[in-house]
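Q: Sequence:
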Amino acid sequence: KSSMLLLPYAPVVNFVNNHLDKSKVNARIQWSTSKHHQKDWEHDSVEDILNREHNGLMLELVATKNIEQGDEVFLDYGSRWDMAWKAYVENWSPPVNSHDFQNVEGLNANEIVLTIEELREKP
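Heads up, the sequence shown is in our numbering, so the first residue is 55 and it goes up one at a time.
If you're looking for bench data, these hints aren't it; they were derived computationally from the structure. All C-beta atoms, glycine included, are put in the ideal place defined by N, C-alpha and C. Please note that a few of the clues may not be correct.
With a straight-line cut-off of 30 Å between C-alpha atoms, the simulated DSS-like cross-links for lysine-lysine are [what the hints assert, rightly or not]:
#1 K89 - K119
#2 K119 - K76
#3 K140 - K76
Now the in silico label distances, taken between C-beta atoms and shown as ranges [claimed, not checked]:
#4 D94 - E171: 53 to 63 Å
#5 V67 - T87: 12 to 22 Å
#6 I170 - R82: 36 to 46 Å
#7 R174 - R82: 46 to 56 Å
Work the whole structure out from these sequences, hints included.
A: Set out below in structure tokens:
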């Protein structure tokens, strides 16, 4: 465990989400086992990490169950996240002027989207 908050930044993180139903969780995050991971940095202060000249902390996304093609990948963000999300959903209200909102499905159904080339030919 670490008290440092790490924000992964790789394309794969866009496809990983929390699930409130913990029976659906099929992956976890762990410190990397790569030779490039600086294990001795894991308990350093944020200041120490930020003052380093290069990156050295790495995370791995590890399957905890078989994940088939097309399956979603779910982590357990923890009970504090779950409680905060539930409170957000319970207290959410539409923004002012939301009656003017059009969802993307409606826009796609009503408008033809053209490429730049098509717009040049038939503006």
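Q: Against each hint, give a clear statement of whether it holds in the structure.
A: Status of each hint after checking the structure:
For the hint pairing K89 with K119, the CA-to-CA distance comes to about 25 Å; that is within 30 Å, so the pair holds. Restraint check: the Cα-Cα separation between K119 and K76 comes to about 12 Å, which is no more than 30 Å; the hinted pair holds. Restraint check for K140 and K76: satisfied, since their Cα atoms lie roughly 15 Å apart, inside the 30 Å limit. Checked against the given bound of 53 to 63 Å, the beta carbons of D94 and E171, roughly 55 Å apart, stay inside it.
Judged by the Cβ atoms, the range 12 to 22 Å given for V67 and T87 holds: they are separated by roughly 19 Å. At about 44 Å, the CB distance of I170 to R82 agrees with the hint of 36 to 46 Å. Between R174 and R82 the Cβ separation comes to about 50 Å, which falls inside the hinted range of 46 to 56 Å.
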